[in-house]
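Letter by letter, the chains look like this.
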Amino acid sequence: MEKAVEIQDLVKDFRTPGRKLPLRAVDRVSLTIAPGEVYGLIGPNGSGKSTTMKALLGLVQPDAGTCKIFGNDSMQVDSRQDVGFLPENPYFYKHLTGAETLRYYGKLCGLRGKALEGKVKELLELVDLGGASDRRVGGYSKGMLQRIGLAQALVQEPRLVILDEPTAGVDPVGSREIRDLIFDLKERGITVFLCSHLLEQVQEVCDRVGIIYRGKMVKEGPLDDLLSIGDQTELILRDASPELLEKLEAMIRSEAGTELLRCGRPKTTLEKLFLQETVGRKHP
Amino acid sequence: MSRVTRNRPLNPRRIGVITLHTFTQLVRMKVFYFLGFFALIVMVSNLLKIQDLGRPDLSGAEVLRSIRSWSLGTMTLFSVVLGVVATALLLPKDIEDRTLYTVLAKPVPRIDYLIGKLGGVLMLLFVSLLVMDLLMSGVLALRTHFVVAEQVAGLQARGWAADQIEAVRLETAKQGPTWSLQGAVLLVFLRAAVVASSALLLSVLSTSTLFTTITGVLVYFIGNFQGVARKIMSEEGMGFAERGAALAISTIFPDFGIYNMVDMVIQGEALAAVVVGKAIGLTCFYLLLHVFVSWLVFAKKEF
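These protein sequence lines map, in sequence, to chains A and B. Quick note: the first sequence uses my numbering, first residue 1, plus one each step. Quick note: the second sequence uses my numbering, first residue 1, plus one each step.
Mixed in with the good hints there might be a few duds.
As the list claims (entries may be wrong) - Below, simulated DSS-like cross-link-like pairs (lysine-lysine); rule was C-alpha separation at most 25 Å, straight line:
(1) A:K107 - A:K121
(2) A:K20 - B:K300
(3) A:K119 - A:K142
(4) A:K142 - A:K186
(5) B:K300 - B:K231
(6) B:K301 - A:K20
(7) A:K94 - B:K93
(8) A:K121 - A:K94
(9) A:K94 - A:K107
(10) B:K231 - A:K107
(11) B:K300 - B:K93
(12) A:K20 - A:K94
(13) B:K30 - A:K94
(14) A:K186 - A:K121
(15) A:K186 - A:K3
(16) A:K186 - A:K219
(17) A:K3 - A:K142
(18) A:K142 - B:K93
No lab work stands behind these hints, which were simulated from the structure alone.
Working from the sequences, and respecting the hints, build out all of it.
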């Protein structure tokens, strides 16, 4: 089956003035993403995530290796027909309104007339900016900029969407909205390649994850495989009586070679608590 | 399976989209406020030397010459400044704001982007100069009519012969809205187009708006000394260094000397079609050269 993304032994060096040796930003990175998959590339700042993405978009030229999008060499303009890209902290043309921004990017992709207008309307609704479509982008909040950015990335109905830190600087509510949009893309069969250092969010949305460190891919695979601890078992009960718990503990203790590591109430996340107490709150 | 795509470079539609967008961007930066300033200049130059209108000789033509001089001078200043600054601003701003990432991440060949950006600046220059030309021509036509009428009446009262009066009338009419004047406005536009394409080339070499602006202005000034450089090259007894410097200037910098025919038109001289044709040819050559070299650099540029 044709891969949505195929990066093979990618190497990227940056030559900086005053340094004899070039700085290797990406060192023989290989990864593949299947169509419809949500792939997360995680790593600390300066580890080579953005450079990998830029190489995939043809914004930087690989020193070695290849990058392909649906079989097309990413240095070829045609490969971009299938890609939508949201850069980190995007700023769009401040003089354009939200609708004009989408129209501009749509026209660049060859959309015209009713098809373009229909697409603009649909995307504004999708990212919940229908009410702000006639406002200049210069007056948009951070979260609105991210959402209009996501809409422009989707304007030509790409099969692959690349998101570079899609929730950077966005509050938890906006962050959750973007997360929901990613789920929506996944449901529509669109392949998503995102990089982020918000690990909880990556864990929530991604099918597969790659960990990049100092330019090298150090771990890669399906998220479930990477996160499961091979020699431990989780048992979550609801409304268990203290007597039942005592019985269970006694049974476990009587079993030779088995050790009870922890018993207690599972914790919610701070993000879930925040959303429950703010957006999800019925009365102030 | 790969989707069949057609994203050939030099797509007129795509270039048109970027051109129109760049034009809108510059218009919304309120550069057209300058047109109000220009209207004021034309009106002020129209009022200058108004006391001379009572003299039934050629002095009335001075008013017309003054309008032409002020108008073409302002047009030159406006178009050169806009050509450098607008072009120098656009590319680095797109890089700084990361809007370039989103544009180049679409199926947009880099040559189309560059031509579209330059096209937007040229469109703005063309529309601005057209409006200024219409304003200048309108004022000149009106003023010429009054000046000629006053001159003819005065000369008739003095008893001048009809052929003498006709000669004066023709002489004065030369200072009115002639085809040569339209040719001069075209030369102003062509000069600004070369200034803009030079600034485009500079802006792909450097990401600094300030550097591009200063260097662009320098290129414009040095380009005005092309004639001197060529003269030095042809003179005997010149040293190797002088000849080398002259050769460098005449090769690297565009020759803006040819556009200086505008000054002769202000004085009322006719502009030969062959000069305009030569200027158009030279402008096309510089535009193609600058865009081609810009593309060579920009195609390999990493963001």
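- request: Starting from B:K300, check that the Cα of B:K93 is at most 25 Å away, please.
  value: Holds: B:K300 and B:K93 sit about 19 Å apart, inside 25 Å.
Satisfaction of hint between A:K94 and A:K121, Cα-Cα up to 25 Å: holds, 20 Å
message: For a C-alpha distance cap of 25 Å, please report whether A:K186 and A:K219 respect it.
response: holds, 23 Å
message: Next pair to validate is A:K94 with A:K107; report whether the Cα-Cα distance is within 25 Å.
response: Distance ~18 Å between A:K94 and A:K107 Cα, so the pair holds.
- request: Mind checking the alpha carbons of B:K300 and B:K231 for me, to see if they're no more than 25 Å apart?
  value: Between B:K300 and B:K231 the Cα gap is close to 38 Å, so the pair fails against 25 Å, i.e. violated.
query: Taking only the CA atoms, is the gap from A:K142 to A:K186 under or equal to 25 Å?
result: Holds. A:K142 to A:K186 sits at ~24 Å (cutoff 25 Å).
query: Quick one, are A:K94 and B:K93 close enough, alpha carbons at most 25 Å?
result: The given pair, whose Cα atoms are some 11 Å apart, holds under the 25 Å limit.
- prompt: Has the given pair, A:K186 with A:K121, been kept, meaning a C-alpha gap of at most 25 Å?
  reply: Given that 25 Å is the threshold and the Cα spacing comes to 21 Å, the pair holds.
task: With a cut-off of 25 Å on the C-alpha distance, tell me whether B:K301 and A:K20 pass.
output: holds, 21 Å
- prompt: Are the Cα positions of A:K20 and A:K94 separated by 25 Å at most?
  reply: violated, 41 Å
message: For a C-alpha distance cap of 25 Å, please report whether A:K186 and A:K3 respect it.
response: This hinted pair holds, its Cα atoms lying about 16 Å apart.
message: Run the distance test for B:K231 versus A:K107: straight-line Cα separation, threshold 25 Å.
response: violated, 51 Å
In this structure, the earlier hints numbered 5, 10, 12, 17 are contradicted, and the remaining ones agree with it.
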